[in-house]
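In order, the protein sequence lines correspond to chains A and B. For the first sequence, my numbering assigns the number 1 to the initial residue and increments by one for each residue that follows. For the second sequence, my numbering assigns the number 1 to the initial residue and increments by one for each residue that follows.
It is possible that part of the hints are untrue.
Said to hold, decoys possible - Derived CB-CB ranges, DEER-like:
hint, chain 1, residue 1, chain 2, residue 2, range
1, B, Gly-17, A, Arg-239, 46 to 56 angstroms
2, A, Glu-325, B, Gly-30, 49 to 59 angstroms
3, A, Gln-260, B, Gly-30, 25 to 35 angstroms
4, A, Gly-359, B, Arg-48, 18 to 28 angstroms
5, A, Glu-446, B, Arg-42, 16 to 26 angstroms
6, A, Asp-557, B, Gly-29, 12 to 22 angstroms
7, A, Glu-391, B, Ser-54, 33 to 43 angstroms
8, A, Glu-224, B, Ser-54, 45 to 55 angstroms
9, B, Ser-54, A, Ser-218, 36 to 46 angstroms
10, B, Pro-19, A, Asp-557, 16 to 26 angstroms
11, A, Arg-239, B, Gly-46, 36 to 46 angstroms
What the hints assert, rightly or not - Here chain A is said to cover these stretches of chain B; the calculated rule only asks that three of the stretch's residues, wherever they fall, bring their Cβ under 8 angstroms from a Cβ of chain A:
hint, segment
12, 1-13
13, 33-40
Unchecked claim - Not everything, but these chain A residues come out facing chain B in the computed CB check (under 7 angstroms):
hint, residue
14, Gly-238
15, Arg-242
16, Leu-394
17, Ala-400
By construction, these hints were calculated from the structure, which means they are not laboratory data. Virtual Cβ for every residue (Gly too), placed ideally from N, Cα, C.
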Amino acid sequence: MGANGGRRATEHGGYFGGGNLFDIAEDEGGALAHAEGIEALVEISGLFGAEQSGVGAAVQRVGERFSEGVNLGEVDAGAAAEEINRGIAGDAAEPLGGFFGVLQLVFALEGLDEGVLGEVLRVGDITDNAVDQSEDTTKILTDKAILKLTLGSFGPGTGSGSCRHGGHYQRYRRKGHLSLPDAREGGSVQRQKRRLRLNYMKRVHIAGVGKTAFGVLSGRGLRELAGEAMEAAIGAAGRDRREIEAVYVGNFDAPSFTGQNHLGPLVAGAAGLEGVPATRFEAACASGGSALFHAVQAVRAGLYRNVLVCGVEKMTGQTTARVAEILAGAGDADSEARLGATFPAIFALIARRHMHQYGTTREQLAAVAVKNHWNASMNPQAHLRKVISIEQALAGKPVADPLTLYDCSPVSDGAAAVWVTSEPGEVEVVACAQASGALALADKREITTFEATRRAARRAYEEAGMEPGEIQLAEVHDCFTIAELIAMEDLGFIEAGESGAWVESGATGIDGSLPVNTSGGLKAKGHPIGATGVGQICDLVQQLRGQAGERQVARRDVGLTQNLGGSGATSVVTILRRTV
Amino acid sequence: MMREGIVWSETVVHGMGEPYQLALVELQGGGRRLLVRVRGERAEVGERVRERESASEYPEFEVSK
Numbered sequence: 001m002g003a004n005g006g007r008r009a010t011e012h013g014g015y016f017g018g019g020n021l022f023d024i025a026e027d028e029g030g031a032l033a034h035a036e037g038i039e040a041l042v043e044i045s046g047l048f049g050a051e052q053s054g055v056g057a058a059v060q061r062v063g064e065r066f067s068e069g070v071n072l073g074e075v076d077a078g079a080a081a082e083e084i085n086r087g088i089a090g091d092a093a094e095p096l097g098g099f100f101g102v103l104q105l106v107f108a109l110e111g112l113d114e115g116v117l118g119e120v121l122r123v124g125d126i127t128d129n130a131v132d133q134s135e136d137t138t139k140i141l142t143d144k145a146i147l148k149l150t151l152g153s154f155g156p157g158t159g160s161g162s163c164r165h166g167g168h169y170q171r172y173r174r175k176g177h178l179s180l181p182d183a184r185e186g187g188s189v190q191r192q193k194r195r196l197r198l199n200y201m202k203r204v205h206i207a208g209v210g211k212t213a214f215g216v217l218s219g220r221g222l223r224e225l226a227g228e229a230m231e232a233a234i235g236a237a238g239r240d241r242r243e244i245e246a247v248y249v250g251n252f253d254a255p256s257f258t259g260q261n262h263l264g265p266l267v268a269g270a271a272g273l274e275g276v277p278a279t280r281f282e283a284a285c286a287s288g289g290s291a292l293f294h295a296v297q298a299v300r301a302g303l304y305r306n307v308l309v310c311g312v313e314k315m316t317g318q319t320t321a322r323v324a325e326i327l328a329g330a331g332d333a334d335s336e337a338r339l340g341a342t343f344p345a346i347f348a349l350i351a352r353r354h355m356h357q358y359g360t361t362r363e364q365l366a367a368v369a370v371k372n373h374w375n376a377s378m379n380p381q382a383h384l385r386k387v388i389s390i391e392q393a394l395a396g397k398p399v400a401d402p403l404t405l406y407d408c409s410p411v412s413d414g415a416a417a418v419w420v421t422s423e424p425g426e427v428e429v430v431a432c433a434q435a436s437g438a439l440a441l442a443d444k445r446e447i448t449t450f451e452a453t454r455r456a457a458r459r460a461y462e463e464a465g466m467e468p469g470e471i472q473l474a475e476v477h478d479c480f481t482i483a484e485l486i487a488m489e490d491l492g493f494i495e496a497g498e499s500g501a502w503v504e505s506g507a508t509g510i511d512g513s514l515p516v517n518t519s520g521g522l523k524a525k526g527h528p529i530g531a532t533g534v535g536q537i538c539d540l541v542q543q544l545r546g547q548a549g550e551r552q553v554a555r556r557d558v559g560l561t562q563n564l565g566g567s568g569a570t571s572v573v574t575i576l577r578r579t580v
Numbered sequence: 001m002m003r004e005g006i007v008w009s010e011t012v013v014h015g016m017g018e019p020y021q022l023a024l025v026e027l028q029g030g031g032r033r034l035l036v037r038v039r040g041e042r043a044e045v046g047e048r049v050r051e052r053e054s055a056s057e058y059p060e061f062e063v064s065k
């Protein structure tokens with residue numbers, strides 16, 4: 001077996017059976033022999049031609065051989081595969097995707113029996129390879145071809161998901177995968193169709209990120225904050241801002257905090273982007289994540305090539321009571337806000353139940369605060385840079401039992417921006433999923449877990465073809481300390497009820513097996529609501545690029561962000577991967 | 001008809017004027033939950049509570065004696 005064929009299958013964890021190119025070629029020579037679309041293949045290879053160096057070269061070689069009169073039925077499939085693998089040695093696996101994309105197209109265009117196509121696809125991870133197809137391939141895949149692919153009978157995934165978290169992580173029961181029965185999604189068929197759709201969408205990268213400091217930024221308004229973050233992101237991208245085709249704004253409640261509505265054009269104008277479509281997205285504390293999610297979908301779908309996402313919030317300058325009143329609007333106005341159920345109160349109810357159900361302790365909640373304050377002390381853009389002790393955290397001013405002031409994120413101003421693009425880049429958005437759950441606490445089946453997070457996480461892992469154990473660092477939504485513990489469980493990093501002991505053990509510290517909130521998290525970095533989800537992306541990108549200074553983690557290939565809205569009614573989970 | 005139930009979770013809210021207790025109550029006979037204010041003695045998780053007469057616009061409960 002050649003090295004490349006084996007590598008490919010291993011990377012994808014056997015999503016469609018774990019086969020590799022050589023196995024496919026050797027085992028399915030008969031199926032390949034059914035193909036008769038030589039002319040189509042030659043035509044397609046010409047389309048790749050000089051435009052795509054990787055795909056074009058490999059496919060063109062195949063095309064040339066076929067144009068010389070070689071019939072697929074006569075081709076030594078194993079030799080052909082080997083040739084292609086040789087062609088991509090030292091490069092990404094793009095040509096594999098191109099090659100099989102062409103094969104799929106041949107089948108589709110020639111109206112061949114989809115059973116044959118399904119059989120070929122079923123054997124190996126060809127659809128995974130198709131993810132790597134060039135944009136040109138995507139463009140020329142017809143609806144008919146996609147329909148045929150959808151009709152193919154695929155076997156279920158068999159991801160192996162080896163555990164990569166050592167040390168502290170091993171002391172606890174590991175969650176190798178995330179399971180969440182969800183009748184609404186229609187089971188595995190729906191999931192396979194979703195993966196297929198993703199295969200034919202554009203890949204999304206991050207061109208640049210930028211953010212302001214988070215904190216009490218007196219005298220600076222929404223326009224100025226957003227402008228600073230966007231200029232930083234545009235500068236980091238090193239590209240012409242005229243390439244930006246749309247601006248998506250994450251903001252929770254500027255009208256209540258500042259009297260300013262209609263943020264789309266205001267923010268776009270702050271970056272000199274008047275004229276492009278500019279829209280505000282609101283999903284409570286997940287507003288920034290939701291703006292990012294929609295931008296990623298737009299780029300994936302080919303609607304835009306470049307979208308600038310900006311999250312911004314100006315919260316300070318209000319009384320605590322007024323801030324609490326505004327934030328309560330993220331809950332259920334009828335059953336919660338009118339009772340005086342502030343957000344600290346809602347998360348206190350959640351914490352109390354978690355403590356009752358699992359034995360989680362106040363000290364374990366405090367450990368989250370201590371860790372995140374420690375991390376923030378090394379983050380020059382953080383709101384609270386004061387190191388605290390467990391004793392200080394426990395002795396904090398009561399806010400809502402069992403939560404004290406040190407369990408709560410601060411009220412902050414700030415902005416963050418991310419330029420998402422279909423152009424290749426150093427960091428790829430390999431997954432971005434948003435889900436929802438019940439708005440009111442009383443309507444949730446359980447309050448010690450957020451179904452929206454579990455649902456979004458499962459979709460994100462599916463999109464990325466990854467397991468929780470493959471995530472190397474995470475920025476999660478710790479609006480309150482209990483929220484970080486629940487996030488650990490909902491994201492599949494640890495079993496339900498074990499997060500408190502896990503965090504207390506140091507596993508989520510910068511030097512731990514899974515560093516969490518190395519930025520300081522919402523708890524200490526700050527929580528300017530609309531900016532939070534976008535800021536998490538900025539922080540993760542900083543880590544993946546190795547630019548986090550004292551807070552830099554050792555393993556920086558794959559990271560995850562989780563952005564929560566309300567008491568878990570919206571959740572956005574994003575997975576980023578370093579490409580170089 | 002006054003409702004009864006078991007406290008599923010509870011908290012006492014500070015810093016918003018006089019401290020007050022909120023409880024998430026699992027109502028008797030159906031498993032439906034309701035967020036309520038608790039008056040009088042503090043109710044603990046697992047404790048039985050019942051609705052009380054109130055002129056307020058939200059449900060008020062108290063510990064069952």
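Do the hints match the structure? See the list:
1. B:Gly-17 x A:Arg-239: 46 to 56 angstroms: With Cβ atoms ~53 angstroms apart, the hint holds.
2. A:Glu-325 x B:Gly-30: 49 to 59 angstroms: violated, 32 angstroms
3. A:Gln-260 x B:Gly-30: 25 to 35 angstroms: violated, 45 angstroms
4. A:Gly-359 x B:Arg-48: 18 to 28 angstroms: holds, 23 angstroms
5. A:Glu-446 x B:Arg-42: 16 to 26 angstroms: holds, 24 angstroms
6. A:Asp-557 x B:Gly-29: 12 to 22 angstroms: The hinted range 12 to 22 angstroms is violated for A:Asp-557 and B:Gly-29, with Cβ atoms some 53 angstroms apart.
7. A:Glu-391 x B:Ser-54: 33 to 43 angstroms: holds, 41 angstroms
8. A:Glu-224 x B:Ser-54: 45 to 55 angstroms: This hint holds: roughly 48 angstroms between Cβ atoms.
9. B:Ser-54 x A:Ser-218: 36 to 46 angstroms: The hinted range 36 to 46 angstroms holds for B:Ser-54 and A:Ser-218, with Cβ atoms some 43 angstroms apart.
10. B:Pro-19 x A:Asp-557: 16 to 26 angstroms: Taking Cβ atoms as reference, B:Pro-19 and A:Asp-557 lie about 49 angstroms apart, which means the hint is violated.
11. A:Arg-239 x B:Gly-46: 36 to 46 angstroms: Distance hint for A:Arg-239, B:Gly-46 is violated at roughly 59 angstroms.
12. 1-13: Holds, because 6 residues of the segment 1-13 of chain B bring their Cβ atoms closer than 8 angstroms to Cβ atoms of chain A.
13. 33-40: Coverage by chain A holds here, the residue count being 5 at a Cβ distance below 8 angstroms.
14. Gly-238: violated, 47 angstroms
15. Arg-242: violated, 49 angstroms
16. Leu-394: At about 15 angstroms, which exceeds the 7 angstroms cut-off, the nearest Cβ of chain B leaves the hint on A:Leu-394 violated.
17. Ala-400: Since the shortest Cβ distance to chain B is 5 angstroms, the answer is holds.
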